[in-house]
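Asks: Take the sequences, apply the hints, and build the full model.
Spelled out, the chains give:
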Amino acid sequence: MIKTVRGLGVASAALVLTVGLAACGSGGDDNAAGGDTGAELSGEVKVDGSSTVGPLSKAAADIYADEQPKVNVTVGISGTGGGFKRFCNGETDISDASRPIKDEEKAACEANGVKYVELIVANDALSAVVSKENTWADCLTVDQLKKIWEPGSKVNNWNQVDPAFPNEPLKLFGAGTDSGTFDYWTDAINGEEGAHRTDYTPSEDDNVIVQGVSGSKGGLGYFGFTYYEENADKLKVLKVDGGAGCVEPSVATAQDNSYKPLSRPLFIYVSDKGVAKPQVKNFVDFYIANIDEVVKEAKYVPLTEAQKTTLKSEYDSLPKA
Amino acid sequence: MSILSGSNVPAAAVRRGRRRVGERIIEALLVIAAVVSIATTIGIVISLAVPTVEFFGEVSIVEFFTNTQWTALFADKNYGVAPLLVATLWVTAIATLIAVPLGLGAAIYLSEYARPGTRRLLKPILEILAGIPTVVYGFFALTFLNPGLVELWPGATKPEFQNLLVAGIAMGIMIVPTVASLSEDAMSAVPHALREGAYALASTKMQVATRVVVPAALSGIVAAIVLGVSRALGETMIVTIAAGLKTAGIPASPTEGAATMTGYIAGAGQGDLPVDSLDYLTIFAVGATLFAFTFVLNAISIRLVRRFREVYE
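Protein chains in written order, with the numbering used here: chain A, 1 to 321; chain B, 322 to 634.
Quick caveat, the hints were computed from the structure, so don't treat them as lab data.
Careful, some of the hints might be misleading.
[Unchecked claim] Result set (DSS-like, lysine-lysine): computed pairs, CA atoms no more than 27 Å apart in a straight line:
#1 A:K308 to A:K46
#2 A:K217 to B:K479
#3 A:K308 to A:K273
#4 A:K236 to B:K479
#5 A:K146 to B:K444
#6 A:K299 to A:K260
#7 B:K398 to A:K132
#8 A:K234 to A:K260
#9 A:K234 to A:K132
#10 A:K85 to B:K398
#11 A:K234 to B:K479
#12 A:K102 to A:K146
#13 A:K217 to A:K70
#14 A:K154 to B:K479
#15 A:K154 to B:K398
#16 A:K147 to B:K398
#17 A:K147 to B:K479
[Said to hold, decoys possible] Label-pair ranges, simulated between beta-carbon atoms:
#18 B:R624 to A:G152: 42 to 48 Å
#19 B:V596 to A:P100: 25 to 31 Å
#20 A:S258 to B:A613: 53 to 59 Å
#21 A:K70 to B:I382: 45 to 51 Å
#22 B:T615 to A:S317: 57 to 63 Å
[To be verified] A few chain A positions that, by computed beta-carbon distances, are all more than 10 Å from chain B:
#23 S42
#24 G82
#25 G90
#26 E91
#27 K106
#28 E110
#29 I120
#30 K146
#31 L170
#32 K171
#33 D178
#34 Y200
#35 G243
#36 C246
A virtual CB, placed ideally from N, CA and C, is assigned to each residue, including glycine.
Replies: This is the structure in structure tokens:
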């Protein structure tokens, strides 16, 4: 049974890869300013860390495979903390992170002589969605969302969220427990990763959430903002009040982080010892040169022009062999 | 095999040496075939047992079987397998309730009532049903059966968006061909003399079918049902899609959505579980439970089949 599922995973990964290559063919080649595209490289590039940033690095690796098929890029998903542990031990070249490095992690890197640079590669945003038939809710505060989603919550009707709301049973749909979306949502709304009520309909497949929420009048669900954009005709998105008034999720509010607390930057950390290896340097060059393609492929909110300029200058500041 | 040795008999005296070499090669190939399947089973048992033992080093086996919550992948962790087990039982029971009458009815019709021409046409069509991929059944249940079920539901609390009932119905439809086809084989194998004897005693067609043929073929029918139930227990795709992955407490009613054992394994296995974590080991602990469950069921069924076996001639 496990084998079947794994097989299915591989099959869908292969599909994503094919799509990635197809997408690359249209635009990737033109702006591949990776530099030494002529030389064929080989060897390994080790990436590990956040399960939210993992899809970005995987997308980069997939597109890159067309350019340098002999370079083997492995993308692990040990979590941001687990990734930094290995990174600061010098085991990995690149660390995926959904938050900035902590002081104690900085100290570990310093103790092992690992120098690194922090690069913002994408913006992440989650959206809370309701049915098109929902006429009462436009904006929820983080406290209201927390009341609904916190562990042990007994809120089962919209009128328990706000007495002004009608008597309509609440149907909850959310991310499966081992996705990056689940981690981010629980952290941002409930204040602790993994803290979440258990009596909701979880799904690793965002399509199921779209179907469930759009099909039930009292439905409420959440997933990545880009996925909402693709299904905007079927769903209504809620504004979120993180303390500074109601903000609607959009590319702009995600990029300037005013959509709080459900938008954030995503990072990769690159070590100096990593880029000393030609294949790692080539991969990171490629990653940065094709960042728009990579972000689009992984379905995150793209960087602004200013963010892209910072990305390049930050990367240039890393000492390279 | 029989054809092979038969054709070799006349040549045996003349080319004894060659016959022996050929036979040895074939024997060796057959032994390899047998050993591969046994070795695979042993390999599966070992690969399940090692992580399961590791899991029970961290979680007490008492908690595993007595806790009524399964929240292994949440911050507040509970490791009670009961919700998954009960969900599995719900789906299997519903599937059996649907598949046994439908399958047996179809088998009796095909074996006793249908004309040979009709039977030659119907049986392959029935068997095509067995070839439909389970993922298709899953989406059939989620996007076709369930909206209809919700629409027609008489009570006030309608079935959830994903629920055990609809998964059980789809799975029942899926195993009908297995039950029908194998039962029909068993019934067709009942000697004609028995039927003719019954007719001679003025039995009606119905009496022949239900009082003579079915009891005579009972061993084969039980085997067919057991095979169907085993498929239902281990079925993954339908339950993952149609029953969902919810693991909040023991499902009290089949109109609730809940993860079965296989559904949990598939859901957790698809996600981003870090290897070498306790979360990852839960997959194997649940898998071992399912394995033990199926094993016991098969052992019981072998006994049943032996007990009901009737030998004629």
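Asks: Against each hint, give a clear statement of whether it holds in the structure.
Replies: Here's how the hints hold up against the structure:
The straight-line distance between the Cα atoms of K308 (chain A) and K46 (chain A) is roughly 24 Å, inside the 27 Å bound, and the hint therefore holds. Proximity of K217 (chain A) to K479 (chain B) is assessed by CA-CA distance (about 13 Å); at most 27 Å being required, the pair is judged to hold. With a C-alpha separation of about 24 Å, the suggested pair K308 (chain A) and K273 (chain A) falls inside the 27 Å cut-off, and the hint holds. As the CA atoms of K236 (chain A) and K479 (chain B) are separated by approximately 24 Å, the hinted pair is consistent with the 27 Å bound.
A C-alpha spacing of about 57 Å is found between K146 (chain A) and K444 (chain B), which places the hinted pair above 27 Å, so the restraint is violated. Using a Cα cut-off of 27 Å, the hinted pair K299 (chain A) and K260 (chain A) holds, with the two alpha carbons roughly 19 Å apart. The suggested pairing of K398 (chain B) with K132 (chain A) is violated, with an alpha-carbon distance near 35 Å, which exceeds 27 Å. Restraint check for K234 (chain A) and K260 (chain A): satisfied, since their Cα atoms lie roughly 24 Å apart, inside the 27 Å limit.
Between K234 (chain A) and K132 (chain A), the direct Cα distance comes to roughly 7 Å. Compliance with the 27 Å bound is thereby established for this hinted pair. The straight-line distance between the Cα atoms of K85 (chain A) and K398 (chain B) is roughly 24 Å, inside the 27 Å bound, and the hint therefore holds. The suggested pairing of K234 (chain A) with K479 (chain B) holds, with an alpha-carbon distance near 22 Å, which does not exceed 27 Å. The straight-line distance between the Cα atoms of K102 (chain A) and K146 (chain A) is roughly 26 Å, inside the 27 Å bound, and the hint therefore holds.
Straight-line distance between C-alpha atoms of K217 (chain A) and K70 (chain A) comes to about 52 Å, which puts the hinted pair past the 27 Å bound. Pair hint K154 (chain A) plus K479 (chain B) holds up; C-alpha atoms about 20 Å apart against a cutoff of 27 Å. Between the alpha carbons of K154 (chain A) and K398 (chain B) the distance comes to roughly 19 Å, so the proposed pair stays at or under 27 Å and holds. In summary, the hint linking K147 (chain A) to K398 (chain B) is supported, as the alpha carbons are separated by about 20 Å, within the 27 Å threshold.
For the hint linking K147 (chain A) to K479 (chain B), the alpha-carbon distance of about 25 Å falls within 27 Å, and the restraint holds. With their beta carbons about 46 Å apart, R624 (chain B) and G152 (chain A) fall inside the hinted range of 42 to 48 Å. Our hint of 25 to 31 Å for V596 (chain B) and P100 (chain A) holds, since their Cβ atoms are close to 26 Å apart. Checked against the hint of 53 to 59 Å, the C-beta distance between S258 (chain A) and A613 (chain B) comes to roughly 54 Å, which is consistent with it.
Distance hint check: the CB atoms of K70 (chain A) and I382 (chain B) are about 49 Å apart, consistent with the given range 45 to 51 Å. T615 (chain B) and S317 (chain A) have their C-beta atoms about 59 Å apart, which keeps the hinted 57 to 63 Å range intact. The Cβ of S42 (chain A) sits about 26 Å from the closest Cβ of chain B, beyond the 10 Å cut-off, so the non-interface label holds. Separation of G82 (chain A) from chain B is inadequate, the least Cβ-Cβ distance of about 7 Å not exceeding the 10 Å criterion.
For G90 (chain A), the shortest C-beta to C-beta distance to chain B comes to about 20 Å, beyond the 10 Å cut-off, and the non-interface label holds. Distance to chain B confirms E91 (chain A) as a non-interface residue, since its nearest Cβ pair spans about 14 Å, more than 10 Å. Once the 10 Å rule is applied to beta carbons, K106 (chain A) is consistent with being away from chain B; the minimum gap is 23 Å. Against the 10 Å criterion, E110 (chain A) stays outside the reach of chain B, whose nearest CB is about 26 Å from its own CB.
Annotated as non-interface, I120 (chain A) keeps its C-beta farther than 10 Å from every C-beta of chain B; the closest such distance is 22 Å. For K146 (chain A), the condition that its CB be more than 10 Å from all CB atoms of chain B holds, with the nearest at approximately 14 Å. For L170 (chain A), the shortest C-beta to C-beta distance to chain B comes to about 13 Å, beyond the 10 Å cut-off, and the non-interface label holds. Separation of K171 (chain A) from chain B is inadequate, the least Cβ-Cβ distance of about 7 Å not exceeding the 10 Å criterion.
A beta-carbon of chain B is positioned within 10 Å of the beta-carbon of D178 (chain A); the least distance is around 3 Å. Taking the minimum C-beta to C-beta distance to chain B, about 7 Å, the non-interface status of Y200 (chain A) is violated against the 10 Å cut. Look at G243 (chain A): its CB is around 24 Å from the nearest CB on chain B, clear of 10 Å, so calling it non-interface holds up. Taking the minimum C-beta to C-beta distance to chain B, about 28 Å, the non-interface status of C246 (chain A) holds against the 10 Å cut.
In this structure, the earlier hints numbered 5, 7, 13, 24, 32, 33, 34 are contradicted, and the remaining ones agree with it.
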